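Visitor: Below are the chains, spelled out letter by letter.
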Amino acid sequence: MASAAVAAPAKAATRTRTGIPSWVWALPPVAVLGTVFLYPLGLVVQQSFRPDTGGTSARAYADVFASTAFREALGTTVWLALGSTVGCLVLGFVLAVVIAFVPFPGGKAVAKFIDVFLSFPSFLITLALLFVYGTVGMANGLWTGATGAAEGPFQFLTTPWGVLLAEITYFTPFVMRPLLAAFSGIDTGQLEVASSLGARPARIVRQIVLPEALPALAAGGSLVLVLCLNEFGIVLFTGAKGVTTLPMLVYGKAILESDYPGACVVAVVNISISVGFYGLYRVVSRRVGA
Amino acid sequence: MLVHSRRGKWATWAVFFLLFLPIFALPLLVVLAASFATNWSSAFPSGFTTGHYSVATRGESLQALTTSLVTALTASVLALVVGTWAALAGHALKRGGKRLLDALFMLPVAVPSVVVGLAILVAFSKPPVLLNGTRWIVVLAHAVLVTAFAHQSVSAAIMRLDPAYEQAAASLGARPSYVLWRVRLPLLLPSLTAAAGLCFALSMGELSATMMLYPPDWTPLPVQIYAATDRGALFTGSALAVVLMAATVLVLFAVSRIRTKASYR
Numbered sequence: 001m002a003s004a005a006v007a008a009p010a011k012a013a014t015r016t017r018t019g020i021p022s023w024v025w026a027l028p029p030v031a032v033l034g035t036v037f038l039y040p041l042g043l044v045v046q047q048s049f050r051p052d053t054g055g056t057s058a059r060a061y062a063d064v065f066a067s068t069a070f071r072e073a074l075g076t077t078v079w080l081a082l083g084s085t086v087g088c089l090v091l092g093f094v095l096a097v098v099i100a101f102v103p104f105p106g107g108k109a110v111a112k113f114i115d116v117f118l119s120f121p122s123f124l125i126t127l128a129l130l131f132v133y134g135t136v137g138m139a140n141g142l143w144t145g146a147t148g149a150a151e152g153p154f155q156f157l158t159t160p161w162g163v164l165l166a167e168i169t170y171f172t173p174f175v176m177r178p179l180l181a182a183f184s185g186i187d188t189g190q191l192e193v194a195s196s197l198g199a200r201p202a203r204i205v206r207q208i209v210l211p212e213a214l215p216a217l218a219a220g221g222s223l224v225l226v227l228c229l230n231e232f233g234i235v236l237f238t239g240a241k242g243v244t245t246l247p248m249l250v251y252g253k254a255i256l257e258s259d260y261p262g263a264c265v266v267a268v269v270n271i272s273i274s275v276g277f278y279g280l281y282r283v284v285s286r287r288v289g290a
Numbered sequence: 001m002l003v004h005s006r007r008g009k010w011a012t013w014a015v016f017f018l019l020f021l022p023i024f025a026l027p028l029l030v031v032l033a034a035s036f037a038t039n040w041s042s043a044f045p046s047g048f049t050t051g052h053y054s055v056a057t058r059g060e061s062l063q064a065l066t067t068s069l070v071t072a073l074t075a076s077v078l079a080l081v082v083g084t085w086a087a088l089a090g091h092a093l094k095r096g097g098k099r100l101l102d103a104l105f106m107l108p109v110a111v112p113s114v115v116v117g118l119a120i121l122v123a124f125s126k127p128p129v130l131l132n133g134t135r136w137i138v139v140l141a142h143a144v145l146v147t148a149f150a151h152q153s154v155s156a157a158i159m160r161l162d163p164a165y166e167q168a169a170a171s172l173g174a175r176p177s178y179v180l181w182r183v184r185l186p187l188l189l190p191s192l193t194a195a196a197g198l199c200f201a202l203s204m205g206e207l208s209a210t211m212m213l214y215p216p217d218w219t220p221l222p223v224q225i226y227a228a229t230d231r232g233a234l235f236t237g238s239a240l241a242v243v244l245m246a247a248t249v250l251v252l253f254a255v256s257r258i259r260t261k262a263s264y265r
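Chains C and P, in that order, are what the protein sequence lines are. The first sequence maps to residues 1 to 290 in my numbering. The second sequence maps to residues 1 to 265 in my numbering.
It is possible that part of the hints are untrue.
[Unchecked claim] Examples of chain P residues toward chain C, derived with CB under 8 Å:
{"hint": "1", "residue": "L93"}
{"hint": "2", "residue": "Y178"}
{"hint": "3", "residue": "L252"}
Just so you know, the hints here were simulated from the structure itself, not pulled from any lab data. Bear in mind that the values here come from a model prediction, so they are computed numbers and not experimental data. Backbone N, C-alpha and C define an ideal beta-carbon position, used for all residues, glycine too.
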């Protein structure tokens with residue numbers, strides 16, 4: 001409150017001295033964004049109503065909604081995103097609790113490593129999983145070496161489960177970062193008191209740590225949900241014909257089939273799902289102040 | 001301090017590393033190991049070679065690396081200028097205006113990057129602005145995608161900025177432009193370099209929008225990695241991936257050095 005009262009006269013002074021109202025300064029960046037992002041998005045929506053034969057119709061929508069490929073892609077995208085989000089939340093919570101509350105030497109380095117991990121592209125994970133769980137990779141190599149079988153039991157890489165594993169691996173740090181930030185605000189005295197009164201670790205986590213972590217979990221989880229809905233690199237590198245998500249379908253229709261109206265329809269559906277969830281994320285993260 | 005007994009602690013750490021190492025450390029180690037191997041048909045790679053790196057650092061691949069570096073650098077600079085400007089302008093607005101500006105600039109995060117690629121392809125493949133087939137369309141797409149992150153981190157930093165400095169400068173008669181150049185931007189320098197590093201790293205690894213747009217004479221490194229693994233050259237792909245990671249980490253390290261210098265000034 002106090003800072004707002006102090007800032008107000010300064011702002012007024014800026015305005016009178018330059019003579020330009022402050023919203024004018026916001027126009028150039030908005031104009032740039034409009035030209036390179038909003039206008040192209042508008043064209044995508046427009047093109048989705050314009051079949052190649054000319055005229056304006058919603059035929060492309062009817063065609064796309066009727067195709068089984070689209071329905072399957074929609075189902076795969078949503079369940080993969082939901083599954084990955086749940087996986088990331090559980091794994092991220094467990095790992096963050098250990099780093100924050102059962103500290104060990106090198107814990108700082110682990111947290112740093114997670115930051116660096118975030119700056120690598122997602123497809124590296126799929127590339128690595130090819131060597132770990134691929135048909136001739138480490139896991140199958142160990143198995144065939146130990147049992148003498150002709151081929152190993154790990155054949156899930158080209159199925160949706162491979163994508164799920166890669167997405168959980170790649171996106172868990174996105175949950176851990178806000179969690180670690182939230183945990184650093186917890187007074188460890190609370191934990192000491194609870195534990196000296198005889199609370200077991202499971203109860204402390206359930207009754208003290210979890211309530212504190214809920215805002216960060218909600219914010220991190222919805223961010224990961226949006227990122228998973230939009231993920232392309234992991235699915236592309238998996239190279240499985242059986243796993244098609246909406247971004248994959250957009251790419252396939254536009255680049256491989258040159259069916260731009262169809263691609264635009266899928267894009268519009270994908271945008272509305274992702275932006276819907278993203279709006280939810282903004283509301284949640286603002287409400288909880290994370 | 002959640003677990004007090006020594007045995008409990010060791011058990012917790014054991015569980016932690018059983019989860020952490022295979023999930024996070026193993027993938028990076030495996031890519032590194034594969035980049036030096038000639039063969040991987042059993043549990044472990046065999047045959048040490050640096051041959052993949054000599055392939056990965058000449059000809060097409062070297063060109064892909066410079067393409068990626070140039071693209072990432074240009075896109076980061078563009079994103080930083082637009083994002084910082086928007087963040088500064090948004091800070092001066094009232095609540096509603098600031099919210100609208102924030103929402104507009106964060107929108108590219110919510111929209112799938114493939115769709116951003118498609119939109120830019122649709123918009124700039126026809127007059128008045130014909131960019132399709134040139135390198136600028138790739139740079140433009142990268143700039144659009146990373147501007148959101150630049151804007152977000154700079155506006156978070158502006159919120160934390162102590163208004164007393166600029167008020168003191170203004171009360172001593174400094175003009176607004178002088179306050180901006182000599183007080184606010186220098187104070188923001190650490191966060192600006194952090195934002196630049198983030199934008200650079202994101203742009204180096206960008207694949208989705210690039211796959212939609214890249215012209216044959218401007219293939220960034222991620223596309224090259226995809227092309228290599230797609231034709232079955234997994235080891236060359238790994239070496240290229242290590243080069244990509246190393247270049248990203250080196251630049252991030254350099255940026256963080258600048259940042260510590262800037263924050264001590």
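Visitor: Each hint needs a verdict: does it hold in this structure or not?
Guide: Cross-check of the supplied hints:
1. L93: holds, 6 Å
2. Y178: violated, 11 Å
3. L252: Nearest chain C Cβ about 6 Å off; hint holds.
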